[in-house]
Amino acid sequence: MSYLGEFEQLILFAVVELGDNAYGGAIRQCIEERTGRTASSGAIYTALGRLADRGMVNARVGATTAGQVGRPRKYYRLEPTGARALQETYSTIQAMAGGLLAQLDKLAQER
Amino acid sequence: MTAPRFSVRAVLRRLAMLSIRGHEAPFVLRDLDDALQHDLDSGIPTRRAHWRYATNVVGSAMAMWRARGLRVYLPISRLDVKTGVRMLVKHPSLSLVAAATLTLGIPTGLAPFHVFNALEAPLPVEDGDQIRLLRYWNTATSGTDRTTMYDYDRWRGAMTSFQTLGAFRTGAFNVLVEGERVAPSSGAEATASAFEILRTRPLLGRTLQPADEDVDAPAVVVIGHTFWQSRLAGDPDVLQRTLQIGDRAHRIVGVMPDSFRFPVQHQLWLPLRENPAQEPRHGRALNIFGRLAAGTDATTAEAELLAIDGPMATQFPEAHARLRAEVTPFALLAFGLAKSGMRGQPDFYVAQLLTLVLLSVACANVGMLMFARNSNRATELAIRTALGAARSRIVGQMFVESLVLAVLAAGFGLLLIDQALSPLMHRLADGQLPYWVDLSVTPWTASWAFALAVFSAAGVGVVPALKLTGQGIRANIERSRSQRTGTRYGGVSGVLIVADVALAVAIVGFALTMADVVKNIAGTDDVAGIPVDQYLSAQLAIPGIEAATGAGSSDSGALAARMGATQIALVDRLNAEGGIRGVGVATALPRMDHAARWIEIEGDATEGEPVAYRVRSANVDIGFFEALEQPVLAGRGFQAGDLGDNSHVVIVNTPFVENVLGGINPIGRRLRHRQGPDGKPGPWHEVVGLVDNLGMTLVRPFSGEGIYHPLAPGDANPVRLAIHVGDDPLAFAPRLRAILHEVDPLAVIATPMALDQVVEGDWYVMQAVSLGSGVLVAVLLVLAASGVYAILSFSVTERSAELALRSAIGAQRRDIAFTVAKRAMGQFAVGIALGLPLALLLANSAPDEGGPAAQSPVLLTLFTAIGVVVLVGIPACLAPTLRALRIAPHEALKNSG
Chain G
1 MSYLGEFEQL ILFAVVELGD NAYGGAIRQC IEERTGRTAS SGAIYTALGR
51 LADRGMVNAR VGATTAGQVG RPRKYYRLEP TGARALQETY STIQAMAGGL
101 LAQLDKLAQE R
Chain W
112 MTAPRFSVRA VLRRLAMLSI RGHEAPFVLR DLDDALQHDL DSGIPTRRAH
162 WRYATNVVGS AMAMWRARGL RVYLPISRLD VKTGVRMLVK HPSLSLVAAA
212 TLTLGIPTGL APFHVFNALE APLPVEDGDQ IRLLRYWNTA TSGTDRTTMY
262 DYDRWRGAMT SFQTLGAFRT GAFNVLVEGE RVAPSSGAEA TASAFEILRT
312 RPLLGRTLQP ADEDVDAPAV VVIGHTFWQS RLAGDPDVLQ RTLQIGDRAH
362 RIVGVMPDSF RFPVQHQLWL PLRENPAQEP RHGRALNIFG RLAAGTDATT
412 AEAELLAIDG PMATQFPEAH ARLRAEVTPF ALLAFGLAKS GMRGQPDFYV
462 AQLLTLVLLS VACANVGMLM FARNSNRATE LAIRTALGAA RSRIVGQMFV
512 ESLVLAVLAA GFGLLLIDQA LSPLMHRLAD GQLPYWVDLS VTPWTASWAF
562 ALAVFSAAGV GVVPALKLTG QGIRANIERS RSQRTGTRYG GVSGVLIVAD
612 VALAVAIVGF ALTMADVVKN IAGTDDVAGI PVDQYLSAQL AIPGIEAATG
662 AGSSDSGALA ARMGATQIAL VDRLNAEGGI RGVGVATALP RMDHAARWIE
712 IEGDATEGEP VAYRVRSANV DIGFFEALEQ PVLAGRGFQA GDLGDNSHVV
762 IVNTPFVENV LGGINPIGRR LRHRQGPDGK PGPWHEVVGL VDNLGMTLVR
812 PFSGEGIYHP LAPGDANPVR LAIHVGDDPL AFAPRLRAIL HEVDPLAVIA
862 TPMALDQVVE GDWYVMQAVS LGSGVLVAVL LVLAASGVYA ILSFSVTERS
912 AELALRSAIG AQRRDIAFTV AKRAMGQFAV GIALGLPLAL LLANSAPDEG
962 GPAAQSPVLL TLFTAIGVVV LVGIPACLAP TLRALRIAPH EALKNSG
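So the sequences go chain by chain: G and W. Going by our numbering, the first residue of the first sequence is number 1, and it counts up by one from there. Going by our numbering, the first residue of the second sequence is number 112, and it counts up by one from there.
Treat the hints with care, as some may be off.
As the list claims (entries may be wrong) - Every beta carbon over 10 Å from chain W, so not counted as near; a handful from chain G, in silico: (1) GLN9; (2) ALA39; (3) ILE44; (4) VAL61; (5) PRO80; (6) ASP105.
Unchecked claim - To give an idea of the chain W side of the interface with chain G (calculated C-beta under 10 Å), a few residues: (7) ARG141; (8) ALA146; (9) THR166; (10) THR271; (11) THR275.
Simulated from the structure, these hints should not be mistaken for lab results. A virtual CB, placed ideally from N, CA and C, is assigned to each residue, including glycine.
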C-alpha cells in the first residue's frame, strides 16, 4: 500500500471534490474553507508534483483561450491508483480510530 | 526601459517572481494572483489581502526550495547577533559615532532613489499604475505640446487599448461662499469619464456624470474634502448648497474624500463643456488620460496610438510634422519630462552615484572604527583560532556584528527619511507637490535600505576582519600576549581622512557661497532702483469661461476679447483709485525668471551662418516702464500704434546692448526669433528703445540680456500686474479682488504678494542645492570626525606601552598630547591645503556673476570653512588624547609584558 501523508490526503480529497476544476488555487481554497487551514500555493504544487510522480494524479495544462489573461493554470485529476491509496489510508485511520474517539476526547480534556 | 511600479502589490509580485523558480513556477504564480484576487473580491481589506499574499509568496518559495533540495544558508546565529549588540553597548562612544555616520550615510545613499520613485509614483487609486497620460512630444523643442478637444474626440473614438479616455483642464476659479469674500480656488474642468477612470467613490453625493457635460444642463460642481472643511465648515447639508463660481451659481452635487486631489492639488471639479473641435491644433489645450484595458500594456497602447495618429503628419504636415504621440505614466503631467522620466535624466544617475560614493566613504570611516574596536580582541581571536574556529567563521561573526550596527543605522535613517524628508520637500515646493507624492518609507525603500546596510556591513565588518585574521594562528597568539594587533593603519586610512577633510572644506566653502547667493537675492532689487517693496504683484487670469458661462464654446478669440476688456477696465479702475501711483501689465515682472528665447541679429553672421543669442524676453503693456518709474534711455517707449499684428518693434535692455551688440547704438537694429511657433524663424523686429536692466532672472539678475515686446490687452492670459501701491502693498490685495469682482466676476486674482517677496523657478533649485550641500557638509564633517576619532583611538591603544614609558621617564602631559595628536593635525593640514583650491573652484562656479553676492569676501568664506572643520576635528582628537593622558604607567607596562 502507498503511504499518504496528512497533507497529501487533504489535497486528494480536494481534487475529488473539485472534479474537472481542480487546480492549485482552487485546491488551496477548498482546503482552507473546509478545514480552516492555510497552505502556501508552492506547498500545494510541490505535493501535487510528488503525487503525480507516484502516478496518483494526472496533470494537464489548461488551454489558453482568446479572452484569457495571464499565465495558464494546471489542472489535476485523480487517477485510480490515487483513489485507492486515499481510500486505503482513510480506511486505515478509521479502523484504527474505531471506538477510541470517546477516550481520545477524555484525554484531550485533561489538563 | 519601463520604470518599475512601486505599489505594494507590484513589489510583492516582483518578490514572488524572483523567489519562485522551477518548472511549476508559472502555475504557482498564477495561483498566487488568483488567491489575491479572490481575497480582494471577497471584501478582505487590501492591507490584509496583501499580507496574506506575502505569506503565501514566502511559504511557496520555501516549499519549492525545499522540494529542490535547497536549504537557505544564513551565516547568522543568535549568539552572533547577541555579541554584536553587546559590542555596541561595550563601546558606547565608538558605537555612537559609527551609528551616526551610517545613519547619515545610508539615507544619503537612499535619497535619490526614494525621492524620484515618490515623484513618479502612480496615482493613489485602485490600480493607479494602469492610468496613463496621452500627449504630444515636440521633437523640435524637446518639450510637451498641447492636446485639444480635436485629439480627444479622435483618440477616444478609435483607441481600443484603453478602457476609456478622459480629459481635463486645470485653472483657478473665483468662488463666492455666502457671507464671505470672493476667493480663488484651484480646480479642474473634467469629463465624467475622468471619474470613471479614477475609480474613487465620493464621500457624499455623486461625481460628475455625462449629462452634466451638456451645455444646457444645470451648472454643478463636485468639491474636495479640504474645500468642504475650510470654506464650508464641514456643513453636513452641503449637497443642498450652491457656490457662486465666476458669474454663475453651481449646485454642489458631491464631496470627494481627502485623499482625492486630482489632478495635482485641486479641490473643485466642474464638467468640461466643450463642443467637438473641427480642426487640429485649434481650441484650448486640455490633458488627455485613460485607464489601460485589461491585459494591455503601455507599449501596445502607444503602438496603437502611433498607428492612429500616423496619418496626421501627412494630412497636416505644418502642424504635426514635429509632434509624436506618446503614452506615458500619469506623473509626468507635473514635470513635463521626456517619456523616460526622471530615470532618463543624467542628473538622476549622477546624484545616485555621488550619494553611493559618499556612503562608501562613510563605510570606510566606520570600517576604521570597527578595526580599532576589534584590535582589542586579539586574545579572543587567539583563543578561538586555537580552539579550531575557521577564519570564515570569525569573519562571518564580525560581519554579523557590523550588520547589527548597519541595520540599526538603516532603521534610524529610514525614520529620518520618513519624518524629516516629507516636511522638507513640501516646504521647498511651497505646498505644491502633487498629491500622489508620498515620501513616507515604502517597502521598496526599506528593501533598498537593507541592501545598503548589508553593503555597508560588508565594507565595515568583513574588510577589517580579513585584515585582522590574515596573519595566522601563531601571530594571533603572539598578539594576544602583547595585547597589540601588530597592525598599523596604512596609507589608506590617512588618505581617507585627508580626503574627508579636503571635501568638507570644499563643500563648506561651496555651501556658504550658495547660501550667500540666496541671501543676497534680496540685494538684487537695487538692480534698476525699483522700490520693489512698494509694488503689489498679482496674476490676473480668466479661466474656464465655458464652464462658468455655459457658452459651450471653445473659441479662444472670445476668451481673448473678454480678457482684453477686463484688463483695460481693471487698469482704468486702479488708476482712478486713490493712492495708486501706477499699474504695469506684463507676462513677467522684474525678479521673475523671464522666458528664454534664441534670437538672431540682422547682419551678424559668421561664415554666412547667423549667430544665435539666448536672451530673456517679456511682453509688456504700453504703460509698463512708466509704472515702474523706468525712463527710456534711448529711442522711444511703446505706443498704441505698436500693438497691431503688423507692427514688429522691440525695446532692449542695457545688458543686451553691452553683451550682444557690443555696446553700439541699438536703435534701428533688427532682430528676430530663431524659431517661431511653427519652427521657422519669426519676422524681423526693429529696436525702437533702450531701458535699464530691470532684472529678468531672479538668481542672475545682472546678466539678463533681454528684449521687451509690446503687449496688447487680451494677448496673454494670464498676465502679471505690478501695482505701485506704496507701503504695505499686500494690504491692498482684498481691495484689488473687490474691484476685479465688480469689473468681471469671472476673472481671478492669484498669488498676490509684494514684489520683493516673489521667488520662482531657479530660486527653488538654488535653495535645494544650498540645503543639499549643507547636508553634505554635515555628513562629511561627521565622517572626518569619525575617521580622526578612529585613528587616534586605535593609535592610543596600540601605543599605550610606549606612552606609559614616556610618562614614567618624566614626559610632560603637553608632550604626550602632542605626540598623540600630531598625526591627526598633519592630516588635517594636508586636507585643508588640498580642499582650499577645490573650494575656490566651487565658489567660483556658483551663479553669482556680477552681483553683490560676488562681492562676498572669498577669504572670509574659506576661513569660516577651515574654522568649522577644525572645530569639529578638535573634539574628535580630544577623547583619545585624554585617554592617553589617563594611562597609568605601571598598569600599561605590566600589561605589555
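These are the hints, each one checked on the structure:
A cut-off of 10 Å between C-beta atoms confirms that G:GLN9 is not in contact with chain W; the least separation is 17 Å. Interface exclusion of G:ALA39 from chain W breaks down, the closest Cβ pair being 8 Å apart, not more than 10 Å. Look at G:ILE44: its CB is around 8 Å from the nearest CB on chain W, not clear of 10 Å, so calling it non-interface is violated. The beta carbon of G:VAL61 is not kept farther than 10 Å from every beta carbon of chain W, the shortest such distance being approximately 8 Å.
Interface exclusion of G:PRO80 from chain W stands, the closest Cβ pair being 24 Å apart, more than 10 Å. Listed as outside the interface, G:ASP105 is consistent with that label: its C-beta sits roughly 32 Å from the nearest C-beta of chain W, beyond the 10 Å cut-off. About 4 Å separates the beta-carbon of W:ARG141 from the nearest beta-carbon of chain G, less than 10 Å, and the hint is met. Annotation: W:ALA146 was flagged as interfacial toward chain G, and the flag holds, the nearest CB pair being 6 Å apart, inside 10 Å.
Satisfaction of the interface hint for W:THR166 is found here, the shortest Cβ-Cβ separation to chain G being roughly 7 Å, below the 10 Å cut-off. With its C-beta approaching chain G no nearer than about 14 Å, W:THR271 sits outside the 10 Å limit, and its interface hint is violated. Using the Cβ-Cβ criterion of 10 Å, the hint placing W:THR275 at the interface with chain G is not satisfied: the shortest such distance is roughly 18 Å.
Checked against the numbered hints above, the structure violates hints 2, 3, 4, 10 and 11; every other hint is satisfied.
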